[in-house]
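Undergrad: Spelled out from the first residue to the last, the chains are:
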Amino acid sequence: MSTNEELANAIETAVSESGQQRSVAKRLIAWVSEMSARDSLNKEEHGRHLRNVFDAMEIEQENGNAD
Amino acid sequence: MRIELLGWESKGLRCPDAAVDLRIDGEPAQIALIQMPNGTGKTTTLQMLMATLTGVANQWRPEFIRSLRRPGDEQKKGTFQVDLQADGTPITVELDLDFEEGSVQYRTTTPATGGVLRKWAPPPGLRRFVTPEFIRLFIFDGEFAERLLKDDTNEAERAIEALCELYLLDEIEGVANDDWERAVRNAGPSTSQGLTRAQNDRDKVRSQIRKAEKAREKANERLSDIQTQMTSLNAQIETHISEHSEIREQHERAIEEKAEAERRLERALGDLFQRLRFPHAIHSAVEQELIGLKDNLDQLQLPESTTRQFFIELARAQECVCGRPLDDDTREAIATRADQYMGEDEAGAINALKEDIDRYCTADGDSSFADIQEKTRELSEAMHSVQLADQTVRGLKRQLIDKGDEHLKALEQQHSQLEREHDELKEVLQDIDREPVSDEDLEDSYCLKALKSELDRLNEKISRITNTLGHRRRVETLTQIVHNAKQVARDSIKHKVRTECNNTLRTILSNDPLYIDEIAGNLKIHNQRGASVGQNLSIGYAFLLNLLHRGTNQFPLVVDSPCGALDDGRREAIGSLIPKLATQFISFVIPTERPHFVEALEGASDGEIAYLTLFRNSDSEVSRYPTPPATGVQMTNTGTLVYGREYFLGFRA
Numbered sequence: 001m002s003t004n005e006e007l008a009n010a011i012e013t014a015v016s017e018s019g020q021q022r023s024v025a026k027r028l029i030a031w032v033s034e035m036s037a038r039d040s041l042n043k044e045e046h047g048r049h050l051r052n053v054f055d056a057m058e059i060e061q062e063n064g065n066a067d
Numbered sequence: 001m002r003i004e005l006l007g008w009e010s011k012g013l014r015c016p017d018a019a020v021d022l023r024i025d026g027e028p029a030q031i032a033l034i035q036m037p038n039g040t041g042k043t044t045t046l047q048m049l050m051a052t053l054t055g056v057a058n059q060w061r062p063e064f065i066r067s068l069r070r071p072g073d074e075q076k077k078g079t080f081q082v083d084l085q086a087d088g089t090p091i092t093v094e095l096d097l098d099f100e101e102g103s104v105q106y107r108t109t110t111p112a113t114g115g116v117l118r119k120w121a122p123p124p125g126l127r128r129f130v131t132p133e134f135i136r137l138f139i140f141d142g143e144f145a146e147r148l149l150k151d152d153t154n155e156a157e158r159a160i161e162a163l164c165e166l167y168l169l170d171e172i173e174g175v176a177n178d179d180w181e182r183a184v185r186n187a188g189p190s191t192s193q194g195l196t197r198a199q200n201d202r203d204k205v206r207s208q209i210r211k212a213e214k215a216r217e218k219a220n221e222r223l224s225d226i227q228t229q230m231t232s233l234n235a236q237i238e239t240h241i242s243e244h245s246e247i248r249e250q251h252e253r254a255i256e257e258k259a260e261a262e263r264r265l266e267r268a269l270g271d272l273f274q275r276l277r278f279p280h281a282i283h284s285a286v287e288q289e290l291i292g293l294k295d296n297l298d299q300l301q302l303p304e305s306t307t308r309q310f311f312i313e314l315a316r317a318q319e320c321v322c323g324r325p326l327d328d329d330t331r332e333a334i335a336t337r338a339d340q341y342m343g344e345d346e347a348g349a350i351n352a353l354k355e356d357i358d359r360y361c362t363a364d365g366d367s368s369f370a371d372i373q374e375k376t377r378e379l380s381e382a383m384h385s386v387q388l389a390d391q392t393v394r395g396l397k398r399q400l401i402d403k404g405d406e407h408l409k410a411l412e413q414q415h416s417q418l419e420r421e422h423d424e425l426k427e428v429l430q431d432i433d434r435e436p437v438s439d440e441d442l443e444d445s446y447c448l449k450a451l452k453s454e455l456d457r458l459n460e461k462i463s464r465i466t467n468t469l470g471h472r473r474r475v476e477t478l479t480q481i482v483h484n485a486k487q488v489a490r491d492s493i494k495h496k497v498r499t500e501c502n503n504t505l506r507t508i509l510s511n512d513p514l515y516i517d518e519i520a521g522n523l524k525i526h527n528q529r530g531a532s533v534g535q536n537l538s539i540g541y542a543f544l545l546n547l548l549h550r551g552t553n554q555f556p557l558v559v560d561s562p563c564g565a566l567d568d569g570r571r572e573a574i575g576s577l578i579p580k581l582a583t584q585f586i587s588f589v590i591p592t593e594r595p596h597f598v599e600a601l602e603g604a605s606d607g608e609i610a611y612l613t614l615f616r617n618s619d620s621e622v623s624r625y626p627t628p629p630a631t632g633v634q635m636t637n638t639g640t641l642v643y644g645r646e647y648f649l650g651f652r653a
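The listed protein sequences correspond, in order, to chains D and E.
Each residue of the first sequence is one higher than the one before, starting from 1 at the first, in this note's numbering.
Each residue of the second sequence is one higher than the one before, starting from 1 at the first, in this note's numbering.
Rather than coming from a laboratory, the hints here were simulated on the basis of the structure.
Be a bit skeptical, because a hint or two may be false.
Have a look at the derived ranges for each label pair, beta carbon to beta carbon [as the list claims (entries may be wrong)]:
hint : chain 1 : residue 1 : chain 2 : residue 2 : range
1    : D       : 43        : E       : 76        : 53 to 61 Å
2    : E       : 608       : D       : 19        : 53 to 61 Å
3    : E       : 131       : D       : 58        : 48 to 56 Å
4    : E       : 262       : D       : 58        : 51 to 59 Å
5    : E       : 312       : D       : 19        : 55 to 63 Å
6    : D       : 19        : E       : 301       : 31 to 39 Å
A partial selection of chain E residues facing chain D, derived with a Cβ cut-off under 10 Å [as the list claims (entries may be wrong)]:
hint : residue
7    : 1
8    : 2
9    : 121
10   : 123
11   : 127
12   : 172
Listing some non-contacts, in silico: residues in chain E with all C-beta distances to chain D over 12 Å [what the hints assert, rightly or not]:
hint : residue
13   : 37
14   : 61
15   : 164
16   : 169
17   : 297
18   : 408
19   : 487
20   : 496
21   : 498
Note that CB positions come from ideal geometry on N, CA and C, so glycine has one too.
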């Protein structure tokens, strides 16, 4: 097994333990794979991957007031 | 990424002027052996390779730069140039040294930049692999092998992290945090005093975290130095005592006894901890309490009477267990509330607990407790033996010092001083990594856990003020995921690398098998506190070769003196292994290292091997060297470089 597969498996486990959907894992793995395969990612490319991951997340919103 | 070294060229430096080409028919050879007699400048070559690749020469002091000029030479400048390729793209880095000014100047040539840049500027994708920490993983020597095994270092884990790309997860965390910071900044101009105060507080905490992390790094580095110095001092003390024939035997016996007592102590400690994992064995009272707990659970019919399944089945019945009839409303209420009771997992855990109590606990409770008492006694005895043996060793040293042995006295004083410093540094590290205390004053605290927890609290506060709480939650969730993923990946890789290394070690060290028990910072060898130089080297090879082989990126492995301390059998075993595991292997050898090693390399290699022999023209032995052939020779004013197998194998220094 290549290391990236090991990383991918680890991401799937961690995402599942966090209670998030599998799509979060898939998007994170796509991000890591691109980072691993390419020379470097620029700010926009990182930003695109980050938005993808955030969009797949389910977060409980709190309506806390600022102090 | 696949990085390959194509060659290097040296001019005006302590090593002979030469242009070393590692290619065969234009392609980098999988194996290149560079034979250099002692004193030809191997150390300088390795130092220059490292500096040219990593850019560290920018921090060199003028006197150090001048020290690299060839002794007796009047040259004002020196140059070292490295040619490499990353995924087939050629890259050249040159390092010019001005001996008069004591300064350096880099030049980098890559197709991506379209020409020469007058600075150290490898392409962005290559940068993470040309840091000093990374480069020293594939420029391998006996010292690195020792560091892999040394307590208090995390060299082995750092190697795993670097070669298996675990840093990519850190990069993601960094991107997410920067993104949130940007969101806070873009939340619009805020006049809230609360925000400014929280941001100022956070800046202070961050600065304190950086200080604590810096202090931890410095303490670890100093600890590593101290251990090297203590090892060397111990060796000097041993040698010194062995020169005194009147106590030599006594001393050797005491050292052996001490080592044996320490092994027994380690075994006893392991046995005791193994038993302490079973609560019933700690004391008969605990065992009795556990039996009581099980009886009470049975009496209450737990978990059977409170499982969710029980109520789900009841909701289908016509009558309740108390005999009253159930209608649709009551049945629906029971079905809805069934979720409040134990599910299969919880009930399963309680049943497992009851089964274990039945299996392990006996009514009299004597046997397990007696066993633990016996192990405690063994531990005390072992501790006592270690103390006695230690006292004997100290007594013998005292004897010599009392007789006026000033040298030993000085060595012992240095040792005690280092021990004191070692203990102080350990305390500093403990303070940094301790658990937080309540009402901790964070102003001057170095407790990282307390500081990080305060940072989280302040980030949360800033999120609320700037209405970026949802964003912050996402960043926190992502951070948690990448931290956990890193841990899971690290554990899994460590387990696999350990298994693979142990398989390799079975081949290399077939006569005196050693195996890695655990990778926890460093490599922990089973039942062994120290290994011989040859064993260290073998373990280092096994670890690094397996790690380089399994990573997604491929690097050249540059080895100085590949088998100096190895016996013939190990040379053969390692020689056969290298072509299978290394994508590019470049080694500096001396003539005495050839036997068994070169034959094994040739036997296991599919491709051609590049053979190079380099010596100084001014070498006092040069008249004894074989005459170079008519072709395949490069001569400069200071050195002769000969390509070819025949000359390589026939060379005698």
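Undergrad: Work down the list of hints and note, for each, if the structure agrees.
TA: The hints, checked one at a time:
1. D:43 / E:76: 53 to 61 Å: violated, 44 Å
2. E:608 / D:19: 53 to 61 Å: Given range 53 to 61 Å: holds, Cβ gap about 56 Å.
3. E:131 / D:58: 48 to 56 Å: Since the Cβ atoms of residue 131 (chain E) and residue 58 (chain D) sit about 38 Å apart, the hinted range of 48 to 56 Å is violated.
4. E:262 / D:58: 51 to 59 Å: holds, 54 Å
5. E:312 / D:19: 55 to 63 Å: violated, 25 Å
6. D:19 / E:301: 31 to 39 Å: holds, 33 Å
7. 1: holds, 8 Å
8. 2: Status violated, d = 12 Å.
9. 121: violated, 13 Å
10. 123: holds, 6 Å
11. 127: holds, 8 Å
12. 172: Interface hint status for residue 172 (chain E): holds (7 Å vs cutoff 10 Å).
13. 37: holds, 40 Å
14. 61: The assertion about residue 61 (chain E) holds, with a minimum of 32 Å to chain D.
15. 164: violated, 4 Å
16. 169: Contrary to the label, residue 169 (chain E) does not stay out of reach of chain D, its closest Cβ about 7 Å off (not over 12 Å).
17. 297: Given a closest Cβ separation of 30 Å, the condition holds.
18. 408: Fine: 51 Å to the nearest Cβ keeps residue 408 (chain E) off the interface.
19. 487: Residue 487 (chain E) is in fact no farther than 12 Å from some Cβ atom of chain D, at 8 Å.
20. 496: violated, 8 Å
21. 498: Given that every Cβ of chain D is farther than 12 Å from that of residue 498 (chain E), nearest at about 14 Å, it holds.
Against the hints set out earlier in the document, violations occur for numbers 1, 3, 5, 8, 9, 15, 16, 19, 20.
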